[in-house]
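S.K.: If you follow the hints, you should be able to join the two separate chains into one complex; please do so.
Which chain is which? The protein sequence lines are W and S, in order. Going by the numbering used here, the residue at position 326 of the first sequence is 326; the numbering climbs one at a time, nothing skipped. Going by the numbering used here, the residue at position 97 of the second sequence is 97; the numbering climbs one at a time, nothing skipped.
Since the hints were made in silico from the structure, they are not lab data. We treat Cβ as the ideally placed atom computed from N, Cα and C, and that holds for glycine. Hints are not guaranteed to be accurate.
If the Cβ cut is set under 10 angstroms, some of the chain W residues that face chain S in the computed set are [unchecked claim]: (1) T242; (2) P334; (3) G338; (4) I431; (5) M445; (6) L464; (7) I467; (8) I631.
Derived Cβ-Cβ restraints for the label pairs, each shown as a range [claimed, not checked]: (9) S:A284 with W:V530: 54 to 60 angstroms; (10) W:I231 with S:I68: 47 to 53 angstroms; (11) W:T52 with S:D283: 43 to 49 angstroms; (12) S:N272 with W:V326: 41 to 47 angstroms; (13) W:F54 with S:N272: 53 to 59 angstroms; (14) S:I68 with W:P233: 50 to 56 angstroms; (15) W:P233 with S:D283: 26 to 32 angstroms; (16) W:A559 with S:P222: 32 to 38 angstroms; (17) W:A559 with S:V278: 30 to 36 angstroms; (18) W:V530 with S:I11: 24 to 30 angstroms.
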Amino acid sequence: MATHVLDGHGHHHEGHDDHHGPPPPWLQRGPLRRGGWLKALWTTPLSFGLATAFICGLRALTNWDPVWDLEVLLVGWTVVVPFGFLYGLGAFDYWLYFVTGRKTLPEDHSGHGADSWKDYFRVNTDHKVIGVQYAVTTFFFFLVAGLLALFLRAELAEPGSQFVDSNTFNGFTSSHATIMIFLFIVPVFAGMGNYVIPLMIGAADMAYPKLNALSFWLLPIAGLMMLASFIVPGGAFNAGWTNYPPLAEHVQVGNLLFQMGVQWAGASSILTALNFIVTIITMRAPGMTFWRMPLLVWANFTTSMLVVLATPFIAGSQFLLTFDRVLHTNFFVPEGGGYVVGYQHIFWFYSHPAVYIMLLPGFGIISEVLAVFARKPVFGYRLMALSLVGILILGFSVWAHHMFVAGMAPWLRIPMMVTTLLIAVPTGIKIFSWLATIWDGRIHMRAPMYWALGFISMFVIGGLSGIFLGSVPIDQHASDTYFVVAHIHYVLFGGSVFTIFAGAYYWFPKMTGRMYNERLAKLHFWLTFVAFNVTFFVQHYIGLDGMPRRVADYDPVYADWNLVSSLGSFVLGAAQLIFIYNVIVSWRSGAKAPANPWRAMTIEWQLPSPPPKYNFDEVPRVVGGPYEYGIPGARHVILEGGSELSTTPEPARVGAH
Amino acid sequence: MRKKSIIQLLILAVGIGAAAFVISFIGIPWLPKVGSEQGERIDTVYVLASVISLVIFAIVAAASLYAIFKFRAKPDDEEDGKPTHGHTGLEVVWTLIPTLLVTGIAVWSGVVVVKNDRLPADHMVVEVTAAQFAWSFTYPDLNITTGELVLPVDEPVELQLRSNDVIHSFWVPEWRQKQDAVPGILTTYRITPNREGTFAVICTELCGLGHAVMRSQTRVLPQAEYDQWVAEQQAAVDGGGDNLGKAAFVNNGCGSCHVLADANGTGTTGPNLDEALVGQTPDAVRESIVAPSAVVTEGYPDNVMPKTYDTLSQDELDALVDYLVKTTSG
Numbered sequence: 001m002a003t004h005v006l007d008g009h010g011h012h013h014e015g016h017d018d019h020h021g022p023p024p025p026w027l028q029r030g031p032l033r034r035g036g037w038l039k040a041l042w043t044t045p046l047s048f049g050l051a052t053a054f055i056c057g058l059r060a061l062t063n064w065d066p067v068w069d070l071e072v073l074l075v076g077w078t079v080v081v082p083f084g085f086l087y088g089l090g091a092f093d094y095w096l097y098f099v100t101g102r103k104t105l106p107e108d109h110s111g112h113g114a115d116s117w118k119d120y121f122r123v124n125t126d127h128k129v130i131g132v133q134y135a136v137t138t139f140f141f142f143l144v145a146g147l148l149a150l151f152l153r154a155e156l157a158e159p160g161s162q163f164v165d166s167n168t169f170n171g172f173t174s175s176h177a178t179i180m181i182f183l184f185i186v187p188v189f190a191g192m193g194n195y196v197i198p199l200m201i202g203a204a205d206m207a208y209p210k211l212n213a214l215s216f217w218l219l220p221i222a223g224l225m226m227l228a229s230f231i232v233p234g235g236a237f238n239a240g241w242t243n244y245p246p247l248a249e250h251v252q253v254g255n256l257l258f259q260m261g262v263q264w265a266g267a268s269s270i271l272t273a274l275n276f277i278v279t280i281i282t283m284r285a286p287g288m289t290f291w292r293m294p295l296l297v298w299a300n301f302t303t304s305m306l307v308v309l310a311t312p313f314i315a316g317s318q319f320l321l322t323f324d325r326v327l328h329t330n331f332f333v334p335e336g337g338g339y340v341v342g343y344q345h346i347f348w349f350y351s352h353p354a355v356y357i358m359l360l361p362g363f364g365i366i367s368e369v370l371a372v373f374a375r376k377p378v379f380g381y382r383l384m385a386l387s388l389v390g391i392l393i394l395g396f397s398v399w400a401h402h403m404f405v406a407g408m409a410p411w412l413r414i415p416m417m418v419t420t421l422l423i424a425v426p427t428g429i430k431i432f433s434w435l436a437t438i439w440d441g442r443i444h445m446r447a448p449m450y451w452a453l454g455f456i457s458m459f460v461i462g463g464l465s466g467i468f469l470g471s472v473p474i475d476q477h478a479s480d481t482y483f484v485v486a487h488i489h490y491v492l493f494g495g496s497v498f499t500i501f502a503g504a505y506y507w508f509p510k511m512t513g514r515m516y517n518e519r520l521a522k523l524h525f526w527l528t529f530v531a532f533n534v535t536f537f538v539q540h541y542i543g544l545d546g547m548p549r550r551v552a553d554y555d556p557v558y559a560d561w562n563l564v565s566s567l568g569s570f571v572l573g574a575a576q577l578i579f580i581y582n583v584i585v586s587w588r589s590g591a592k593a594p595a596n597p598w599r600a601m602t603i604e605w606q607l608p609s610p611p612p613k614y615n616f617d618e619v620p621r622v623v624g625g626p627y628e629y630g631i632p633g634a635r636h637v638i639l640e641g642g643s644e645l646s647t648t649p650e651p652a653r654v655g656a657h
Numbered sequence: 001m002r003k004k005s006i007i008q009l010l011i012l013a014v015g016i017g018a019a020a021f022v023i024s025f026i027g028i029p030w031l032p033k034v035g036s037e038q039g040e041r042i043d044t045v046y047v048l049a050s051v052i053s054l055v056i057f058a059i060v061a062a063a064s065l066y067a068i069f070k071f072r073a074k075p076d077d078e079e080d081g082k083p084t085h086g087h088t089g090l091e092v093v094w095t096l097i098p099t100l101l102v103t104g105i106a107v108w109s110g111v112v113v114v115k116n117d118r119l120p121a122d123h124m125v126v127e128v129t130a131a132q133f134a135w136s137f138t139y140p141d142l143n144i145t146t147g148e149l150v151l152p153v154d155e156p157v158e159l160q161l162r163s164n165d166v167i168h169s170f171w172v173p174e175w176r177q178k179q180d181a182v183p184g185i186l187t188t189y190r191i192t193p194n195r196e197g198t199f200a201v202i203c204t205e206l207c208g209l210g211h212a213v214m215r216s217q218t219r220v221l222p223q224a225e226y227d228q229w230v231a232e233q234q235a236a237v238d239g240g241g242d243n244l245g246k247a248a249f250v251n252n253g254c255g256s257c258h259v260l261a262d263a264n265g266t267g268t269t270g271p272n273l274d275e276a277l278v279g280q281t282p283d284a285v286r287e288s289i290v291a292p293s294a295v296v297t298e299g300y301p302d303n304v305m306p307k308t309y310d311t312l313s314q315d316e317l318d319a320l321v322d323y324l325v326k327t328t329s330g
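Next up, chain S with everything else stripped away, as it sits in the complex (with noise of 0.2 angstroms):
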């Protein structure tokens, strides 16, 4: 009887572990395409969590389901259970086994953590600015400054973050990490991506009203494209250099939310500059820049664009507004 007892549930206990098993590796792809080697690390740490988490779940609904329909009174059955207080042989069992794996997890779990977090001494390094609601990089060896992450295959690099007004989070989903970028303090985010494409670049700490568009993307690109993207942009930057009003638009990162084809802006959070300034009068362009709330375009939400762009100085205004008008107008 109690051998018999055993098997049924150790029949149910399989099949629910099987079903789950199905859903969770197969069914489902869970997690999107790793593309970092710190990730791939991670990805281990997860499917032994995984794999852990779904036998005790399956253990732990077997047993209830099990219990539920072999042990159910009959509805006149006025009796009592077997008045079993405990045993001690199993309480030290189901505390000493959920102690050891857990500890398990945590060991690994060390240990990716202490891989991820070393670099060779000679990485490269981005510096990472999040402002209310863009993202910008800049290249401090290559005198760069962008809206978008652009980085080589393969070449360990060092993110540096920093946070302009409240906390953000920068998230590559395919890399697996994330780090917050905190006003007043230096983070960090170290990161090898070994797998070519183009991935979003997501804020994940609430950051007010424009939080939800606050995203960018990540180009990772073979070594001789990385190459030749170094070489436009610091040809569109010497390029500004007689042309105040460029350089301003490329170095105040508005290309993170605007597109603009002559200088590279590629950003979709705000309207598409080359189509919407069209026609548009300087002052019209200028209102728009020190006073984003005065007109707002159709299908983008109000209070997005920061309101902060009034400390540009007048020199550098007057040439932003002309470049503007003049890139846009033929």
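The following block holds chain W by itself, in its conformation from the complex (with noise of 0.2 angstroms):
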């Protein structure tokens, strides 16, 4: 078919070739000045040397006493070792040149791409490299917190103390909530949006390819500073994700690297979010207007508002804490005037929204994958958006259930309960439109159709059993027990976690270009599936009969449902090496993937598997909406020298290998 390229909207066209010219002048430098992990060896070393001189310097100069106090010199470092070695990196490279009013090349594509797997470990400005580079250090840090969960059930597993002390006990549930959230769930999904978003809309790549460096170079930052707390003096971070004042204030120095870990985590997910929101606005191809956008990217333009708007929240939070401990002011001192439960209202304007950004993008591929394997348009689809604004709306309105014991304003309890409840009517709408998807569909059972209705299940319980919480007078007796730890899980592990899993495999033969292993991935499924309940469901139980959370030790009663808990525990972690191994082996050797092994309609779909360096040739003209399954001569996107799209069925078909 002959397509016509409109012009003025191909600003990435230039340039292709620029990267076999010249490098740009801060390449052309001797190795230890060039930017990269020789110069890092030397800047981030130089930056300890500096901050911890000046604080020193400057205590001893104004006689403080100690000079070496370590709380200050955490800050301190948690501040200016992250630049030293970002700059050594060569992070700032770029911009160094420009405000310095250096030559820099005007389309600079020295960054871009990987020809070997040593492009991703550099600040590589493609945001496939960028997606891949978030996917494995993300999985990285799950893997991580969830060996903290294995320690924490295995001393569950029996009353009284077995393995560790308390001490310990509350530094892995702190640390294993605290990397969950902040180093896999939320980051996870900025990797995958970075991978697909561009593909999806038809660019040639984020809005801002440098600063989405950038936010990916943070990450592993802060994961390091969370982990470093384990040997600092005093142990872990240990007064629970959420870090509540006073008590955050009294225990060990540790905790800083909580709060200070929580900046640069906060500010990797910020710089992605508005990438993505001037990536979703000004970089969607020709056609593709905002009702013919995939649900995926509706999805995570509504979860970077939220990330934006909710953010500098919890950062700030932080650096009241910080400001407490390490500036001796007063906000959450009771003695000094501090009003304690303010910090909780600062908390939870984020970390209540926050669980909509760990939810919204998962629900967007649940549309993907749902619509592709039923063949089927998305059912009432300009109401699935609309529901995820609705969310994105109400999301910040409903803070203060996570409150209704703490001693805030009585009459704040209603309000907050209704609002609470109502947000149940738009997820409840994306529930039945999910099951109106699939009804009288052609479903295929692909692994990740899989994880999208094991998700439905299981996020169905865990939005019911929000239901109850939402509820002031019920939760009056469930907040706080492992009611909560049971309903957390079933919307962030039954939720969130199984639609990554359901991306991953979705993705993963466009990613790498391979095909993974069917059978182990439905293997992995199922154990996950049944060990997960048992895990975790019988939590709601124990919890509601009388067991409070965050204990290393209980009542002797509930010592049976505790072991079943955790012997569930063991298999859910030992089926997620299945995983790994799925993923690492299919990498290296699987069959390789067609482009479009799934025959969806989505223009990520209508590229090579893995897609060319720059992605697009030409520029792509969206001409339909993205789910337009069994309209005979329906299509999404007209690519010029693009595979073939529509509807029509691949000619080798991928089975399990």
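M.R.: Take a look at the structure:
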């Protein structure tokens, strides 16, 4: 079919070959002065030394005692050293040249794309490379935080104290939650979005590729800070991931590494979200109206709004704690007139929307997967998109339901309860519309579909237990018990993590160019599904019956159920190794993936697997909705030289290998 | 065809719903037996939410299971499904019905909250003080301070909660309510216990290393037994009037973590003093009070006992050591 490429939209066309020309000036330097790991190897310790010398020197000069104060130094290090590292890595090179008025290349592609594995370990501006960087990094932290959870369950397998004391136990619970949230679930969606959003909207890259590269490198910094808290005197931060003062201000110095680590993780997600918003608004291919965007793009659009609006609040809450501790302010110090409950308001004003930050991108994935594998349009597409917006808006009006028993103004309980319960409505719309999407379909039970359907049932349980916790009277009983632990895991594991696996299997062929092993993927699903329910369902019961959360020791009457839960968790942990094995082996030697193994209509599947370095040779032209399955001749996109899209089956279908 | 599939779906939904009902209301006693008027009201909301949840879960589970089996494609089936884009009527239905259901739960919950917050004007008051990691209860009108909460049955009471250090939370599962004790502010907990018995008082807000063992108990007694208990307590306090050491033990809430028969101490968080102090020198006892980490009794975790008792006055401390040594020496 002849296609007409619109002019004026292809700002990425020029300069495709620039990277064959001379490298930009900041790369024409000796290996120790050129951005990269060698340079970081000396700039990082140098920044550490400078920060230490500055703080200790200043304290010595002004007669502060002691000169070596670990609290102050930790804050100094966690602020300065990341900049030293990022500078060494070359994350700022272009900008430094630019702002100092030196010569830069107008179209610089020196940092774009991966020709060898080494290119994944540098500052890289290719959204596809960054997507993979995110995915690998975040799954590493998923395993770390999962391992921490297994230690917890081992300790809880029987009452009394077996392996760890309560200091270590509290450190494990706090870092398990924190790492899962800030280093896995939130950023893994940023990684998936990074990979697929530009492809899905027909863009060559993200709007700000250099900012995108920087966003990624902030993430391992945050992760290392949180892990480093295990080696500072006193042990890991242990006041819970919620980090409520005054406890948080009394515990050991390791807590500062949480407070400062969150800043870097938060900065990473804010910058990525800004990038997503600008990319989605300004870089859609001709014809890609908002009402033709895949729901995954809608989901990341709304999620990014939440991130940008809400994340500054947790950053602020942790800064205020740090100020109290290091600058001796009294924000949350009751003896100094501080208001303890105020912290909780600020914290939850982020941390409740954060639950939607961890869910909405997954909702998007589920819509993609269900439509493709049921071979049907998404039911009620517009209402699905609007319900995301509904959750975005309502999501900001429910935070205090975490505080029904916290001692906040009593009148506030009722309105917060009403909004909390009402948010079940847009969520319900999504569930019912998904069911209607698979109704009357032609359902292909491939691995992503297993995870998507598993998600629906598990998330419904998590949503319904949320109605219990949203009701003030029931919450007065169930708050702060294992019922809450069960609820949050049905929402964030049965919810978010199931969607992550659906997405991981769905886009694995696109990202790696290889097919995963279908049989192992299904084994992974079934073991996870069963073990997940064994682990967490019983926790509803022990919580309602009287077991509080965050305890290393408990009433022996709950011994049996805790043992069941622990055994379930060990199987759950082991099942994830199947996933890791499947990914590694398939990535190395899986069957070659065709461009479009799922016969999907969205744009990323019309490109080769993996897509070429600069995504599109010509600007794609969008001519219809993204899910027009079953409509003869319907098309979503017209691509010059791309594989033929529509719903015509691939000649060679790839099965389990 | 269409009618048949709807009937099949209905049968499936009813089956799943019935199974869920059995598990929820017959198989497992999900909640401990209720012991307060407020708790009985709360349980009505719980039952309402459970019924609604089970129906919704049954519908979703039935629809997805039915779809998976009924609409599954044959291995080489390359056809697409029916291109339905939506159905306004259905979308209105599944927006409106959940709205009505959650509004119903919200209204009922609101009614219960308002009723539970209301107590008759002449209710009892007990001051509850939380500290790492013990509860102490003061009866302001009776001049009693104890480590366990003792209440007469069917008597409305307002607990006034304060915290000396970090946030704690007061929970009695049988009463179905909890409330945080927050440093710097006063919070209240209104309850009318209507079942006699001994129930656990559990701290449910992470408060530090001893959080798991921050427990006490509440005893709900018939009025006569309660009056008798009050008399005994007042005698003990009066008896401690010329015994400064015993008064120090009682007033500092030591009995909420330690057993000491002479002063009615019943706590099990820390060592049983009737046993642990036998044969201890006064210096060793003093050290255990002001520097609890110096010697930690085998089987008990370190860093649980507050390290703040070195602020007791010298007279009080001397008297307390003297009292403890004498009481446990024979």
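S.K.: So, for every hint listed, does it hold in this structure?
M.R.: Status of each hint after checking the structure:
1. T242: This hint holds: W:T242 lies near chain S, its Cβ roughly 8 angstroms from the closest one there, short of 10 angstroms.
2. P334: With a closest approach of 3 angstroms, the W:P334 hint holds.
3. G338: Hint holds; W:G338 Cβ to chain S Cβ min 7 angstroms, cut 10 angstroms.
4. I431: holds, 6 angstroms
5. M445: Status holds, d = 7 angstroms.
6. L464: Where the cut-off is 10 angstroms and the nearest Cβ of chain S is about 4 angstroms from W:L464, the hint holds.
7. I467: This interface hint holds because 6 angstroms falls under the 10 angstroms limit.
8. I631: holds, 5 angstroms
9. S:A284 with W:V530: 54 to 60 angstroms: holds, 55 angstroms
10. W:I231 with S:I68: 47 to 53 angstroms: holds, 49 angstroms
11. W:T52 with S:D283: 43 to 49 angstroms: holds, 44 angstroms
12. S:N272 with W:V326: 41 to 47 angstroms: holds, 42 angstroms
13. W:F54 with S:N272: 53 to 59 angstroms: holds, 54 angstroms
14. S:I68 with W:P233: 50 to 56 angstroms: holds, 55 angstroms
15. W:P233 with S:D283: 26 to 32 angstroms: Given range 26 to 32 angstroms: holds, Cβ gap about 31 angstroms.
16. W:A559 with S:P222: 32 to 38 angstroms: Holds: the Cβ-Cβ distance is about 34 angstroms, inside 32 to 38 angstroms.
17. W:A559 with S:V278: 30 to 36 angstroms: About 32 angstroms separates the Cβ atoms of W:A559 and S:V278, which means 30 to 36 angstroms holds.
18. W:V530 with S:I11: 24 to 30 angstroms: holds, 26 angstroms
Going through the hint list in order, the structure satisfies each hint without exception.
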